[in-house]
Structure formats: structure tokens, C-alpha cells
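Trainee: What follows is the residue order along each chain.
There are 2 protein chains.
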Amino acid sequence: MSRRRPSRASRPRETERSLVAWLAGQRGTGGLVGDDAAMLPPRADHVVTVDFQIAGVHFPPDLDPAILAKRLLAVNLSDLAAMGARPAHAFLALAAPASFGHRAFFRSLLREATRHGLTLAGGDLARAPSVCASLTLIGERWPRAQRWLRRSDARPGDRMFLGGTVGESALGLELVRRGARLAPRGVTLPRGLALPAELDRAARRAVRRHLLPRPQLELGAWLARQRRGAAIDVSDGVARDLHRLCEASGVGAVIEVDLLPGPASLAKLAAGLGCDPLELQLGGGEDYVLLFTLPPEHAPPPRLRCRHVGRIERRRTGLLLDRGGRTQPLPDLGWDHWS
Amino acid sequence: MSRRRPSRASRPRETERSLVAWLAGQRGTGGLVGDDAAMLPPRADHVVTVDFQIAGVHFPPDLDPAILAKRLLAVNLSDLAAMGARPAHAFLALAAPASFGHRAFFRSLLREATRHGLTLAGGDLARAPSVCASLTLIGERWPRAQRWLRRSDARPGDRMFLGGTVGESALGLELVRRGARLAPRGVTLPRGLALPAELDRAARRAVRRHLLPRPQLELGAWLARQRRGAAIDVSDGVARDLHRLCEASGVGAVIEVDLLPGPASLAKLAAGLGCDPLELQLGGGEDYVLLFTLPPEHAPPPRLRCRHVGRIERRRTGLLLDRGGRTQPLPDLGWDHWS
Chain A
1 MSRRRPSRAS
11 RPRETERSLV
21 AWLAGQRGTG
31 GLVGDDAAML
41 PPRADHVVTV
51 DFQIAGVHFP
61 PDLDPAILAK
71 RLLAVNLSDL
81 AAMGARPAHA
91 FLALAAPASF
101 GHRAFFRSLL
111 REATRHGLTL
121 AGGDLARAPS
131 VCASLTLIGE
141 RWPRAQRWLR
151 RSDARPGDRM
161 FLGGTVGESA
171 LGLELVRRGA
181 RLAPRGVTLP
191 RGLALPAELD
201 RAARRAVRRH
211 LLPRPQLELG
221 AWLARQRRGA
231 AIDVSDGVAR
241 DLHRLCEASG
251 VGAVIEVDLL
261 PGPASLAKLA
271 AGLGCDPLEL
281 QLGGGEDYVL
291 LFTLPPEHAP
301 PPRLRCRHVG
311 RIERRRTGLL
321 LDRGGRTQPL
331 PDLGWDHWS
Chain B
1 MSRRRPSRAS
11 RPRETERSLV
21 AWLAGQRGTG
31 GLVGDDAAML
41 PPRADHVVTV
51 DFQIAGVHFP
61 PDLDPAILAK
71 RLLAVNLSDL
81 AAMGARPAHA
91 FLALAAPASF
101 GHRAFFRSLL
111 REATRHGLTL
121 AGGDLARAPS
131 VCASLTLIGE
141 RWPRAQRWLR
151 RSDARPGDRM
161 FLGGTVGESA
171 LGLELVRRGA
181 RLAPRGVTLP
191 RGLALPAELD
201 RAARRAVRRH
211 LLPRPQLELG
221 AWLARQRRGA
231 AIDVSDGVAR
241 DLHRLCEASG
251 VGAVIEVDLL
261 PGPASLAKLA
271 AGLGCDPLEL
281 QLGGGEDYVL
291 LFTLPPEHAP
301 PPRLRCRHVG
311 RIERRRTGLL
321 LDRGGRTQPL
331 PDLGWDHWS
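Top line first, the protein sequences correspond to chains A and B.
Heads up: the first sequence begins at 1 in our numbering, then just goes up one per residue.
Heads up: the second sequence begins at 1 in our numbering, then just goes up one per residue.
For the record, the hints were derived by calculation from the structure and aren't laboratory data.
For glycine and all other residues, C-beta sits at the position ideal for the given N, C-alpha and C.
Check before you lean on any hint, since a few could be wrong.
[What the hints assert, rightly or not] Between beta-carbon pairs, the in silico distance windows are: (1) A/Leu193 - B/Ala44: 47 to 57 Å; (2) B/Ala24 - A/Leu212: 25 to 35 Å; (3) A/Pro61 - B/Ala98: 12 to 22 Å; (4) B/Ala44 - A/Leu19: 19 to 29 Å; (5) B/Pro184 - A/Leu19: 15 to 25 Å; (6) B/Ala24 - A/Arg214: 28 to 38 Å; (7) A/Arg323 - B/Pro60: 17 to 27 Å; (8) B/Glu279 - A/Thr188: 30 to 40 Å; (9) A/Val20 - B/Pro61: 47 to 57 Å; (10) B/Pro61 - A/Trp22: 17 to 27 Å; (11) A/Arg214 - B/Gly179: 27 to 37 Å.
[As the list claims (entries may be wrong)] Chain B residues, not near chain A, derived (Cβ > 12 Å throughout): (12) Arg103; (13) Arg107; (14) Ala113; (15) Arg115; (16) Val131; (17) Pro190; (18) Pro263; (19) Lys268; (20) Leu321.
[As the list claims (entries may be wrong)] Derived, one-sided and incomplete: chain A residues facing chain B with beta-carbon distance under 8 Å: (21) Glu14; (22) Thr114; (23) Gly122; (24) Thr327.
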């Protein structure tokens, strides 16, 4: 199960974690709590992933249909990227009111799908009072791929990398909550939010990053061509997703705070919104960059713009945050859509 | 695209048909307007189908979670049955409020899935104000299957069959609209609906049939072992689904009204509810029996309880209804969820 979205604490009787843990113990589940996508037996020559976008839950109900289609696709493609899979087939289930811009949605979906080599192969349409879309993607192997990427392939001694900056999407979400919107013509910031020009631009970028993430398919393809290393996409925050990777691999890890990449104006913009930048970087979700490991002698090529952020340790080390030499435990915090 | 559910006419600017026709002409779609499930290239050794169940659209919002899980699975399995596919893998996207009975839902889903040889291989969970579930099923070939079943394999001279009675689910829907409910303990009929004992039983059966259809997987497996013949599942009514089959095959057809199988008390119960029984049989949806054709020398074995209902003609014959020797055109009516 991939897990996405909002709200920090999970206090109700049933948490997502308790439900997923319970599910894993039931008969009839397979690979349910595992990687970002499931491998299809018997030959494991395809991987499958499914993700929702629900109005008011995953995006503002007034989001433009063309942007929604891109977001739906991007979020799903990120799971394929994390498996090192090449996009192949898409199946859409779309429920929407009569007033929804169906053709604008499909035009955008098909344009983006074609760009990624995906065919929309089937689906289901329904009318409903609000928009609920689920997309199933089936991925194949890239040429020269050696393997699927797994969460479970990290080993002590590996170096740990991020495929891009983290924390920006959480800033964007905070702005959307305050009324920021993305339309085809551009970003509108919340009324009353007066920012200096430099931060104004950063705020617009953050909103765009949140609503239109960029799946790291090229990085996934490169990683799938390497012989070893684990990967996961950062959908629920570095802290939570690193916990998942370490649990699956049976290892510990140390993240160096000073190496964590954020957008240039993260600190200033976070301060302007009353947020803690490190909390956004570690606990903010939906950055959709890959968090991955490589054996010590390996590094991704510079064109992929990855950042070294730490190292994999033995399990007994636990998960640590290194702030200039002083370490502290990294809590398993992050976005949980089970508010 | 498989299409399900309510409301007779489609008058808004965009109809489902106009949208699907438009989609079929766009770049990036493949097999979108075709069979009940899509075959996966390159080897076509898997078929994939996806279907929704949305509270208030496809089922009453107070439906028991365990029953909902069975319905969600059954509606999807019917698409695999219509392809002659063996259930293999399931992927669930489930959005529901905190108060939803998640464990009851999953217990029921996993029990039924296991019974059908399905593994729940992945999915996505979210919290949302009302229930929206989409299920993607992947099917494989049955042992000794010769082919996938297609809508396009009917030939003039074929005999036409139904895998069971039609019209009962539409009666059940009418009763649900009037307040009938199905709970694990049984069916509750609408207050004020006073029926004689015989019709009371028939009404309860109809509600159960509507909410818990039985996918005809055994029949689909038998058909996939035959060398020829077309198939579709009756999700939107015999009239509409026969139009689809004939269009895909480039043929015409004649249905003999007197041969149409309905439950024994269809006429009486329909009269009691102020409905036209023939309209329910031809235009009512969600019976989820297979409508199929076989070459003239073939017939399904008696244990499958199929009924001969007509014959396939050349395209120029059109689609006709034969009422004791007098024929009339069969209109392309049926359930359309684009109310």
C-alpha cells in the first residue's frame, strides 16, 4: 500500500498503521505492505500501482481539471519511478459531476500519458457529486534494467541520496490551505500575504511544486540499471519514508541535517509562514523525489542532480539525525492521511 | 471502458457516449472502447479491468461494509467472467470516513477474494467524507482456455444465449430506491409495501440480487474453452449491451421476447411496483449475467443453466425484438450513469 497525505497525528482508535499491520497478517494479501508498486507473478515482468486523487482530500475542489489530470498521473508515475519501472499502461476510474471539464481533463491526461509512453487502456466513468479519480499504472522494465528497485536492498555502508529538494511541497500545501491556487495561467497567492519579490517567487514555485510534482522516472531508470541499492519515493516525508526503507532492509541510517537539500529560500519562506523549515523537510510529504542508497563506491551522474544526505548503518544504530556531529533519534513522523 | 448505472435518458450537453466516442479518437488511448477488460500487450497473457463503487451513486450510503466489499468484487469479477479470465490479482483504492468499518470490509473482501483465487496485491488508502472504492483486477488464462472472450466474435448464424435471468436487479434497485435495505441478517423491505408472501420472497431475492450479483466465472471459463463465440456481461441492460456486442462484431440480432428468462414472479412484482416487466428485462442494468453467442451446432451444458434467447443476423437486419413472430426494432436503451 502506498500512503499519502495530510495531518500529522493519528489518534483515532484505528490508525492507518494499525490497519495496514493487521491487513498484512490476513490471508489473501500479497506484497500489500512492501514496495511502491507490486510485482506481478509469475515472471515479475510487470509492476502495478494504484493511487487516488479525491477533491477536498488530495487537492482543492476548484482545481483546474487539466492540472488535476497531471497531478493524478505524476503521483502515480512517482511510484513507478521508485520501482525503476517504465510506464506502459494506465487504467482510470473517474467519478465527477456533470459540470466537470471532462474533455479538458482527458486532453491533459492523454497528452502527459503519451509524453511518458503510457497508453490509457481502460477504465470506468461515473457521475458523482464531487471528483474522485483513481489511476492504476502498469510498468515494464526499462531497456538494460537489471532489476526492479526495492525498499529492501539497502546495506550497511551504503551512501544515501535524495533525488531533489525536500520541504517545498509542504510549503506549497501550507499556502494552498491559506488560499493559494494554481490555474493554467499561473499561481495566485493568498490575499493579505505580502511577501518581498524574492519570496513571492519562491511561494509560487512551492504551490506549483505541491500541485504538480515531477516524477523522477529518469533517475529510477538509471538506478534500475545499477546492480544494487534501495529506493522509495518521498510521498509521506523523509522521516517516515526512511523508516519504511530501513524497516524493509533491516538496517539503520544517519541523515546529516546540513546536507539536506531544500529550495534556496526555504528558511525565509518557512519563517514567513510560521513553520519550522527542518520539520517541513523531514516531516513534509509529497515532494516525490526518490530517496535511495548506493554502495559506497557508486554515485549518480551529476546530470541527475542528486544530493548525498547520509549513510546506511547497521540496524542497531537506529535512525539518527546528525546536526554538525551531534546526533539525535529521527522520529517516525510524517504525513498521514488518516487525520 | 465498462459503463455502469443509473438513469434512463442522457440529455446533458455531454453524454457518456459522446465523451467515450470522442476519447476513442484521441491519441494515447488503446482498447478504451472495447471489451469488458483490456488485454496487456505484448503477449496478451493478462487482462485488466477497473470499476468503482461510490456511496450514493452505486449503493446506499448505509450499506454494510462487508456487503459493499462483496459487491465491489462481484461487479469487477463479472468483467473478468465476460473475458473468460481467471481472477489473479486485485488492487484496491479505498477512501472512507473514520467511522467506516474498515476491518469488516477487508475481512469480507479477503474472504471472497481467496474464494476466487485472487490475491490483494496492493492499493491506496485515504480518509474522505464518504466511501469511494475502486478495484483493479488482473486476470490470467484458465487452464485449457483457447482465447479471451471478445465482444467482436459474433457471426451471422450464431445462436444467442443469456447466462441467467434478467430484470431482477432492476426490480431490486427500484426497491432500494423505495427504502429496501440488505444487512448481514437479511433484507428489510420498504415500510408500507404490503406484498403477498410469494411476492415478499421475490422482492427480498431481487434486493439481494441487485446488491450482491453473482459473477459468472464458471460460464466464462467454459466459453473461453470453446473455439468461437462473443460475450459481454449485462451491466447496462440487455438492449444496450447487445447493441455494443453487435456493433463490435458488425452484425445484427433478433431477440425472442418469449424466450427472455426472468424470475418467476417478475411480472407480478413489476406490476406491484408500477414497472413494465419487459422494460426491466431489456433496459434494466446490473444483472451481471453473460450475454453470449455460439456457432449453431454448439450449446452450453445444462449445468450452466443458460437460456437460448435469439440469434445473430447480418448487420443489415439491424437489432430486432421478435414478439411471437412480429418484429420491431430494439432501441439502444439502458442504464446510463450519466443521468
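Trainee: Given the range 15 to 25 Å, decide if the beta-carbon distance of B/Pro184 to A/Leu19 lies inside it.
Mentor: holds, 21 Å
Trainee: Against chain A, does B/Arg107 hold up as non-interface, every C-beta pair farther apart than 12 Å?
Mentor: violated, 7 Å
Trainee: At the C-beta level, are A/Val20 and B/Pro61 separated by a distance inside 47 to 57 Å?
Mentor: This hint is violated: roughly 25 Å between Cβ atoms.
Trainee: If I claimed the Cβ atoms of B/Ala24 and A/Arg214 lie 28 to 38 Å apart, would that claim hold in this structure?
Mentor: This hint holds: roughly 30 Å between Cβ atoms.
Trainee: Is the Cβ of B/Lys268 farther than 12 Å from every Cβ of chain A?
Mentor: B/Lys268 clear of chain A: closest Cβ-Cβ about 33 Å, beyond 12 Å.
Trainee: Per the hint of 17 to 27 Å, is the separation of the Cβ atoms of B/Pro61 and A/Trp22 within bounds?
Mentor: Since B/Pro61 and A/Trp22 have Cβ atoms about 25 Å apart, the given range 17 to 27 Å holds.
Trainee: Hint validation: A/Gly122 versus chain B, beta carbon distance must be below 8 Å. Holds or violated?
Mentor: Holds. Min distance 4 Å.
Trainee: Evaluate the condition: distance from the CB of B/Arg115 to the nearest CB of chain A exceeds 12 Å.
Mentor: About 9 Å separates B/Arg115 from the closest Cβ of chain A, which leaves it inside 12 Å; violated.
Trainee: The hint says 25 to 35 Å between B/Ala24 and A/Leu212; measuring C-beta to C-beta, is that right?
Mentor: Check passed, 28 Å falls within 25 to 35 Å.
Trainee: Holds or violated: the hint that A/Glu14 contacts chain B, with Cβ atoms closer than 8 Å.
Mentor: holds, 6 Å
Trainee: I want to verify a distance hint. Is the separation of the beta carbons of A/Leu193 and B/Ala44 within 47 to 57 Å?
Mentor: holds, 54 Å
Trainee: With a cut-off of 8 Å on the beta carbons, see whether A/Thr114 makes it to chain B.
Mentor: Constraint on A/Thr114 satisfied, holds at 4 Å.
This entry does not satisfy hints 4, 7, 8, 9, 11, 12, 13, 14, 15, 16 and 24, going by the numbered hints stated previously.
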